[in-house]
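Engineer: Listed below are the residues making up each chain.
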Amino acid sequence: MTSPVLPLADVNVEALTIFGVVLAITLYITYWASKRMTGADTFYAAGRSITGFQNGLAISGDYLSAASFLGIAGLIYIYGFDGFLYSVGFLVAFLTVMFLLAERMRNAGKYTIADVLSFRLNQRPARTAAALGTLAVVAFYLIAQMVGAGVLIQALVGLDFSTAVIITGICMLAYVVFGGMLATTWVQIIKAVLLMAGILVMSVFVLERVGFNPIELFNRANENKGPESAFSLGPGTYLSSPIDTMSLGLALVLGTAGLPHILMRFFTVPDAKAARGSVVYAMFIIGGFYILTTFIGFGARAVMGDAGLEAAGKGGNLAAPNLAAELGGGVGTFGGDAFLAIIAAVAFATILAVVAGLVLSASGAVAHDIWSNVIRHGRDSQKEELWAGRVAAAGIGAIAIAIAIIGGPGLNVSFMVGLAFAVAASANFPALLLALTWRRFNTTGAITGVLFGVVSAIVLVIISPGVWPGPDSEGGAFSWYSLANPGIISIPLGFLGCWLGTMLSSEKAQERSFHELYVRSETGIGAERPIHV
Amino acid sequence: MASHNDDRSWEDELHDVDWEAVENTAEFQELVRSRRRFVVPATVFFLVWYLGFIALAGYAEDFMAESVIEGLTVGYCLALTQFVMVAVLGLMYLRRARETFDPLADQVARMVADRGSRFARDPDARPAGDRTPAAQPVTTTDPEARS
Numbered sequence: 001m002t003s004p005v006l007p008l009a010d011v012n013v014e015a016l017t018i019f020g021v022v023l024a025i026t027l028y029i030t031y032w033a034s035k036r037m038t039g040a041d042t043f044y045a046a047g048r049s050i051t052g053f054q055n056g057l058a059i060s061g062d063y064l065s066a067a068s069f070l071g072i073a074g075l076i077y078i079y080g081f082d083g084f085l086y087s088v089g090f091l092v093a094f095l096t097v098m099f100l101l102a103e104r105m106r107n108a109g110k111y112t113i114a115d116v117l118s119f120r121l122n123q124r125p126a127r128t129a130a131a132l133g134t135l136a137v138v139a140f141y142l143i144a145q146m147v148g149a150g151v152l153i154q155a156l157v158g159l160d161f162s163t164a165v166i167i168t169g170i171c172m173l174a175y176v177v178f179g180g181m182l183a184t185t186w187v188q189i190i191k192a193v194l195l196m197a198g199i200l201v202m203s204v205f206v207l208e209r210v211g212f213n214p215i216e217l218f219n220r221a222n223e224n225k226g227p228e229s230a231f232s233l234g235p236g237t238y239l240s241s242p243i244d245t246m247s248l249g250l251a252l253v254l255g256t257a258g259l260p261h262i263l264m265r266f267f268t269v270p271d272a273k274a275a276r277g278s279v280v281y282a283m284f285i286i287g288g289f290y291i292l293t294t295f296i297g298f299g300a301r302a303v304m305g306d307a308g309l310e311a312a313g314k315g316g317n318l319a320a321p322n323l324a325a326e327l328g329g330g331v332g333t334f335g336g337d338a339f340l341a342i343i344a345a346v347a348f349a350t351i352l353a354v355v356a357g358l359v360l361s362a363s364g365a366v367a368h369d370i371w372s373n374v375i376r377h378g379r380d381s382q383k384e385e386l387w388a389g390r391v392a393a394a395g396i397g398a399i400a401i402a403i404a405i406i407g408g409p410g411l412n413v414s415f416m417v418g419l420a421f422a423v424a425a426s427a428n429f430p431a432l433l434l435a436l437t438w439r440r441f442n443t444t445g446a447i448t449g450v451l452f453g454v455v456s457a458i459v460l461v462i463i464s465p466g467v468w469p470g471p472d473s474e475g476g477a478f479s480w481y482s483l484a485n486p487g488i489i490s491i492p493l494g495f496l497g498c499w500l501g502t503m504l505s506s507e508k509a510q511e512r513s514f515h516e517l518y519v520r521s522e523t524g525i526g527a528e529r530p531i532h533v
Numbered sequence: 001m002a003s004h005n006d007d008r009s010w011e012d013e014l015h016d017v018d019w020e021a022v023e024n025t026a027e028f029q030e031l032v033r034s035r036r037r038f039v040v041p042a043t044v045f046f047l048v049w050y051l052g053f054i055a056l057a058g059y060a061e062d063f064m065a066e067s068v069i070e071g072l073t074v075g076y077c078l079a080l081t082q083f084v085m086v087a088v089l090g091l092m093y094l095r096r097a098r099e100t101f102d103p104l105a106d107q108v109a110r111m112v113a114d115r116g117s118r119f120a121r122d123p124d125a126r127p128a129g130d131r132t133p134a135a136q137p138v139t140t141t142d143p144e145a146r147s
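As you go down the protein sequences, you meet chains P and R in turn.
Going by our numbering, the first sequence opens with residue 1, and the numbers climb by one from there.
Going by our numbering, the second sequence opens with residue 1, and the numbers climb by one from there.
The hints are simulated quantities; they were obtained by calculation from the structure and are not laboratory data.
There's no promise every hint is true.
So the derived list for chain R, only partly shown, Cβ under 8 Å to chain P, looks like this [claimed, not checked]: (1) Trp19; (2) Phe28; (3) Val32; (4) Val39; (5) Pro41; (6) Glu70; (7) Leu72; (8) Thr73; (9) Tyr76; (10) Ala87; (11) Leu94; (12) Ala97.
Covered stretches of chain R (in silico footprint by chain P; criterion: 3 or more residues with CB under 8 Å from a CB of chain P, positions within the stretch not fixed) [as the list claims (entries may be wrong)]: (13) 44 to 56; (14) 102 to 108.
Predicted, not measured: the structure shown is a model, and the values here were computed from it.
Positions of the beta carbon are idealized from the N, C-alpha and C atoms, including for glycine.
When you get a sec, could you build the whole thing from the sequences and use the hints?
Structural biologist: Given below as structure tokens:
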């Protein structure tokens, strides 16, 4: 893959300045948060003192990655309606989160997914399995985000790829290591506000061109496609295999409920009521955002037509920033450059907020689950746990930076976000749901379930056509297997693994622990209480 | 800030609760039933509505590309119904939780806090393979705070 072409190859001073302002604000917040860091409770859960509304914003900031903003706007620009199909799945997923997990996680958990599993299962094997599921999701998601960050910043600001990755990585580590969840939360809140403001202003500019009539926008977009254009107001242009589309949809709707960095956000609020409220706020913010992205995507088509295809780059990722420049008066004018710089800075803030959340959840899996509970048997102090968390975060961040730089801008990351959702839906979601609701479920079931889910999702992606070179019709390791999205097979396999392991093992279900988990997860009795930070 | 050591007594108290007895109370059963009565149909509904939409996008491309008004396709309108569905189900759940689930959950919590002895478990009845306290990730809550 060559790096995307954009009119500005030189360093964009305006964009760099706005980046600098965003960085200064977020680093000041990190300094403020670092003085409130008292132990693992503040590091992983911000003292459980975040309000429902704040958490709703932070969930949105954690969830809406650059792939949601630039990626979906770009897909709509190139392919039309099919790009919008993704957003619908990303949004509906929050119903799964709210109905099945949000309150129960808050009631029964402390810092990580594994806390809920080990409540009723054998501590060390269950924690290890849950940590594996978390780390698999974070690994794919984080590397995709880091490489994406490098490519985007290179194109938007003119910094080279490695520099961009290192700056992103260092900021991410500063937020997490010094400011923990408190700083990460506020970075996510600021990002959500910036992103919503940015996309709202852009949408108003776009709609102003069509007399604030969205239907006129769709018509102009449709008129503006060339004879060879893939764009359509109907489906089937990007997602051409129906069964693959179903598979993707299933992974999106169930996968969000297994994303460790999203579930972790529910530990930051005072109680289950706030957790539930925060999901509803997030639904409205994220829903509004995805409706506005259709104005950006169709707007880019209506304003730029096929002429903007080359500059929009692979997957159309730069369609939104290019549209901003166009709306501001065109590249080279003051308004155009300023608008481009603002949208570039918003995209940068977007990436930072997501990667910080990811690193924090991975550090929970390594430090809280593996180090504190499996190796130290829970005998370490809050202080030691805080330090273990910091060291783990620094290590994970350093590895992610190194992989992104070694892989370089050409690393094929397009399948990685989908894979992260597939692993989350196939490994984390079944184990969590069954631990909370199935009386007979046992430790062996959790381990086989997570292994089935992780392994099947990864293997199916490895043999899928997208990973293998050659035309799509001939791609893939096996001619009989053509699914790009493994969800429809790997999710049932994850549940099957949980069931088989439970049924085949001679281990007795820990009835009494289940009674306790069941009552406490439903009522909130004995839930972790907030502290003031 | 609450230190972790102050809470020892309540934590021990939690450990001595006979959770099976709490689970079998009419109040807890009513809580679980009423939550299930909402969540199960709502989950089935949204999964069917969403997967049906995705299936239409996959298998009925022409229908989805038809115009409701020139330029506004059936597909886009059906996608918007998903947004409406999320908003409506979200708000309905919020209301049901406030009016029904929360009072029931508070009632169960008060029962456990006030009449601890009723749910105290008989130490002799504890099975040999019972979990150790170290296996618990949870700590405490303030019983006063939930009434």
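Engineer: Hints first: check each against the structure and report whether it holds.
Structural biologist: These are the hints, each one checked on the structure:
1. Trp19: This interface hint holds because 4 Å falls under the 8 Å limit.
2. Phe28: holds (6 Å)
3. Val32: holds (6 Å)
4. Val39: holds (5 Å)
5. Pro41: Violated, because the Cβ-Cβ distance from Pro41(R) to chain P comes to roughly 11 Å (cut-off 8 Å).
6. Glu70: Hint holds; Glu70(R) Cβ to chain P Cβ min 6 Å, cut 8 Å.
7. Leu72: holds (5 Å)
8. Thr73: holds (5 Å)
9. Tyr76: holds (7 Å)
10. Ala87: holds (7 Å)
11. Leu94: holds (6 Å)
12. Ala97: The hint holds - Ala97(R) has a Cβ within 8 Å of chain P, the shortest such distance being about 6 Å.
13. 44 to 56: holds (count 7)
14. 102 to 108: As far as the stretch 102 to 108 of chain R goes, the hint holds, because 3 residues have Cβ atoms under 8 Å from chain P.
Violated hints amount to a single one, hint 5; each of the other numbered hints is respected by the structure.
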